[in-house]
Structure formats: structure tokens, C-alpha cells
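Chemist: Chains as they are written, first to last, in this note's numbering: chain A, 9 to 249; chain B, 9 to 295.
FYI, nobody ran anything at the bench for these hints, they're computed from the structure. There could be a bad hint or two in this list.
Here are the simulated lysine to any residue pairs, SDA-like style, with alpha carbons at most 25 Å apart [unchecked claim]:
1. K182(A) to D128(A)
2. K264(B) to I12(B)
3. K138(A) to L61(A)
4. K138(A) to G173(B)
5. K138(A) to K264(B)
6. K138(A) to Q164(B)
7. K138(A) to R169(B)
Here the structure is a predicted model, which is why all the values come from computation and not from measurement.
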Amino acid sequence: MAILELSGVRKAFGAITVADDQSWSLEEGEALGVIGPNGAGKTTMFNLVTGTLPVDGGTIRLSGEDITQWPAARRCRAGLARSFQVPQPFGGMTIFENAFVAATQGAGLGVDEAEALCLDVLDRTGLLRKANTMAGGLTLLERKRLELARAMCARPRVLLLDEIAGGLTEHECKSLIETINRLRATGISIVWIEHVVHALLAVVDRLIVIDFGRKIAEGEPRAIMDSREVREIYLGIEADA
Amino acid sequence: MDWINAIIQGALLGGLYALFAAGLSLIFGVMRLVNIAHGDLIVLSAYVALTTSVGLGLNPLLALVIVVPVMAAFGYALQRLILNRTMGDDLLPPLLVTFGLSVIIQNALLMGYSADPQKLQAGPIETASVSLGPITLGVMPVLVFAVAVAVIAGLQWMFYRTALGRAFRATSDRQDIAQLMGLNRAHVFGLAMALSLAVTALAGVFLGIRTSFDPAAGASRLIFGFEAVIIGGLGNLWGTLGGGVILGIAQTLGAKINPGYQILAGHLVFLLILAIRPRGLFPRMDG
Chain A
9 MAILELSGVR KAFGAITVAD DQSWSLEEGE ALGVIGPNGA GKTTMFNLVT GTLPVDGGTI
69 RLSGEDITQW PAARRCRAGL ARSFQVPQPF GGMTIFENAF VAATQGAGLG VDEAEALCLD
129 VLDRTGLLRK ANTMAGGLTL LERKRLELAR AMCARPRVLL LDEIAGGLTE HECKSLIETI
189 NRLRATGISI VWIEHVVHAL LAVVDRLIVI DFGRKIAEGE PRAIMDSREV REIYLGIEAD
249 A
Chain B
9 MDWINAIIQG ALLGGLYALF AAGLSLIFGV MRLVNIAHGD LIVLSAYVAL TTSVGLGLNP
69 LLALVIVVPV MAAFGYALQR LILNRTMGDD LLPPLLVTFG LSVIIQNALL MGYSADPQKL
129 QAGPIETASV SLGPITLGVM PVLVFAVAVA VIAGLQWMFY RTALGRAFRA TSDRQDIAQL
189 MGLNRAHVFG LAMALSLAVT ALAGVFLGIR TSFDPAAGAS RLIFGFEAVI IGGLGNLWGT
249 LGGGVILGIA QTLGAKINPG YQILAGHLVF LLILAIRPRG LFPRMDG
């Protein structure tokens, strides 16, 4: 059974349609890549899935349960966590506390368990050394790592990653791919929006392409990347892909 | 020696003002809500204590066991049922609603208890005192000050050392992201208001034991509370205690010069500090 399933999801801001009859699903343990040009509605789609924005129509199911009307906090506790393209840490709290909030509230852990989980995740994401630093004063790379760490501390069943590889060096990108692959090995299902296509291809099982809020292609990653629609859309950004 | 005595009495009075202010500071810190009804909620707590202590024949200090949870539950319900509906990017709607609430509480108290001044009778402890050389300290003021210190220390510990405190800080920092971390904003806000009114209940009972009160007594308590918060610096709980102490000392020294100057002296010191240090004496570093 699909762990996350969108059917006929629609959203418009006035005359601008940002999600147009979107239907796709994510299997348990699967990693799904999402590509598409800037402004295609990829991040909006995450906002709809996590409940930051209400949908205009259609349904969203998590493990078969209709979560379309659930508030964001409940979706998080049910196992949906995301990272943001532009990192959004709690600036007045330390790195550890940022992770701790996710572990106690999102994953619903007790204090001791939460602490152990946070330390483990911060270690794996290379942030342990800075655990007591205020999140407001971090570098971009550290903020990106914190995004991932915080999402992991919510113990998600489905992890939504939004352009987490953007702006990283080749070396950093490699270690990120390793981290994500290790996460997958623990059974977490992943949806990953990314422009850094080679990073995406190193992880995902399947790819969907979104343009103007519509899903225009879906399938095996290599085949999709070689298809004509994608080549046309991506001609401009293929150089850095 | 009279002056030293006045300063000490003022500092102890500051403990009461810090209790007025702590609840105000807490909800402003967590949800940017300016609670105009705070003073009236303090007075309401005093009346709840009056009814409880007279009805059950309890000492008002013992009645706290009932008044504190009652006010906390009232705070949670108030936030969930009314105030949460007004929360958003705009500060004005909740401000207006609490202003209306203030009017409602005053008039409901007027209907229920009449305009006659009331007082909580705590028995011999009210007049008990201890002598330290030439200085005589009332047991009640010392008790109130000690409770204020304990409350501030407890809140500080809660904010920085517990899961609930971190939930408060995360929500205060970024409400939208906090919800994506599984925090139910409506519930967190409800808990913050419950905690605020639990502290308010303490303040109300101590106020009622110290002086007589009537349904219109809330407004000046609100102002003392605001002054203590602002003198101390927004978002700094220990600063709020400091602010209360400074306000208390200013008032007792003013009263020493001329009994009519008590309140005026407090306001003047507040204005002076606002003019020199607009962010308060101890503003939070990361604020």
C-alpha cells in the first residue's frame, strides 16, 4: 500500500494555478525524486502535503488515512516531516534545542529518549560539535544540516526534502547523499525536490516532473531524464545539473 | 534609618509587583499577546479566593490550593475558546478583545460582589513581624517576596530546561515552523495562558491580603505590572523582578517624602528609565 498518496490535489492563488489535479503516490520505503523548473509549484506541493496551506480540492492520504483536513501539527505527529529550501531554524534556541523540540513534540518521545535521539542525529549530521550554539548564528551549510537533523528528530515515516543539496560543494554533496541513503536503509520513505540532478539520481527509485503545477512525466529516473519533455524544460539548467 | 527601612519595604513590595508582571511578561513572550485584562484577572483571583475562603472557612493562603488551579483552568479555556480566535499577525484584535474582557470582568464583579471594598482575612500572619536589629520586617511581605523569587526562578527553569519551555520558545520564535514540528499552537498558547493565570492567582491572593480591593482595582495593577516588565526589559524574567523592586522602592520613597507622592514617584521613575534606556535596564541579549 502507498504510504503517501495524492489524488486530484488542486490549489490556486487567484488566477494562478499552482497545483493542477496532481496525483501521485509514494510506496513504503521508496525514494521519489521531484524535478521541474523554478516556479513550477514543487515547494507549494510540499506545503499542501504538510498542511501549511489548505488544498482547494482533492485528497491526501497517509498510510491510507485521509489527512486532507488535518492541521499541520497532527500530520507531523503522524509521521510527516520536511526540511525547507531556505532554512528556518528557531534562531533563539541552540542546535540541540531545535532538534529536541522536534523529538519531544513531533516524535512524542520522553526527555531521555529524545536526548539520545538528538545526540545520535546531530552526530550523524556532523552538528554535534556545535550542539550548544545558537541556531541564529550558523553558516548556510550548518543551517541546511540542521534542517535535515530537525526533520529526522521528528522520527518521520515520510521525509520531505526541499532542495537540500543546493549550494553545497561536491564533497559536502557526497556526504549528504550518504546520509540520505543511510536514512533510507532505516525504512524511511523520502520525497526529494532537487535541482542537483546527479545527487537526486544517486538516491531515488522513481522521478516525477512538475511544470505549471501539473505532473507531466513519471517513471524510471534515467528514462525520464532522457525524455524529450524533460530535455526541453531542463535545457537551460542542464549545465549545472 | 527610616530611609533604609523604606527602601527595604519598597523592595519587598517589588516582589508583589513582579508577581503582577510575571504573567504578563510570560504571555507576551510566548504569543505576543498584550493582555489588557491582566489587572482585572488579578482582582478576579482575589474575589475567587474571597468566595473560597469565606465559603469553606479556609485561610486565604490555603485557598490558593483551589484558586491557582481554578484560574489556570480558566486561563486555558479563555485562550482556547476566545483568544486563539483573535491571534494572528496583527496585535490589535487580541488587544481589543482583552480590553472588552476587562470591562466584562469589572462589571460582572460589580454585579456579583457590589462596589464595596473587600479584604482577605489571613489572620495573625498579616501583622506578624520579625526584628532584625533596628529594622522590622513583616512576615507577609517577606513571604510574598520569597514566592516571587521562587516563581521567577521556576519560570526561568521551565523555559530553558524543560520540554514545555522549549515548546514555548519554539512557538514564540516561529509559529508556523513549530507547527510542522508537531506543536499544536492552540494548545501551547492555552498552556501559556494557564500558567500566566496560575501566577496571577498568587498575585491576586497576596494583593487581597495586603490591601482592600474592589472591582475597579485592576487598572492600576495592570499599569504596575507593565511598568515592572518594561523597566526590567521585555523578555527577561529576572529583569521583571528587578523592575518590580525598582518600582516598589520608588513608590515607598515617594510616600516617605509625601504620602500623596507614592504612585507619582513610581510613574516618574518609570518614565525616567524609559527615557534613558528605552529597552529597559536588562534587555535580553538575543532580543
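Chemist: State for each hint whether it applies.
Modeler: Outcome of the hint check:
1. K182(A) to D128(A): 20 Å, holds
2. K264(B) to I12(B): Between K264(B) and I12(B) the Cα gap is close to 11 Å, so the pair holds against 25 Å.
3. K138(A) to L61(A): With Cα atoms ~33 Å apart, K138(A) and L61(A) exceed 25 Å; violated.
4. K138(A) to G173(B): Given that 25 Å is the threshold and the Cα spacing comes to 21 Å, the pair holds.
5. K138(A) to K264(B): This hinted pair is violated, its Cα atoms lying about 54 Å apart.
6. K138(A) to Q164(B): Since the Cα atoms of K138(A) and Q164(B) sit roughly 24 Å apart, the hinted pair holds (cutoff 25 Å).
7. K138(A) to R169(B): 18 Å, holds
Checked against the numbered hints given earlier, this structure breaks hints 3 and 5; the rest are met.
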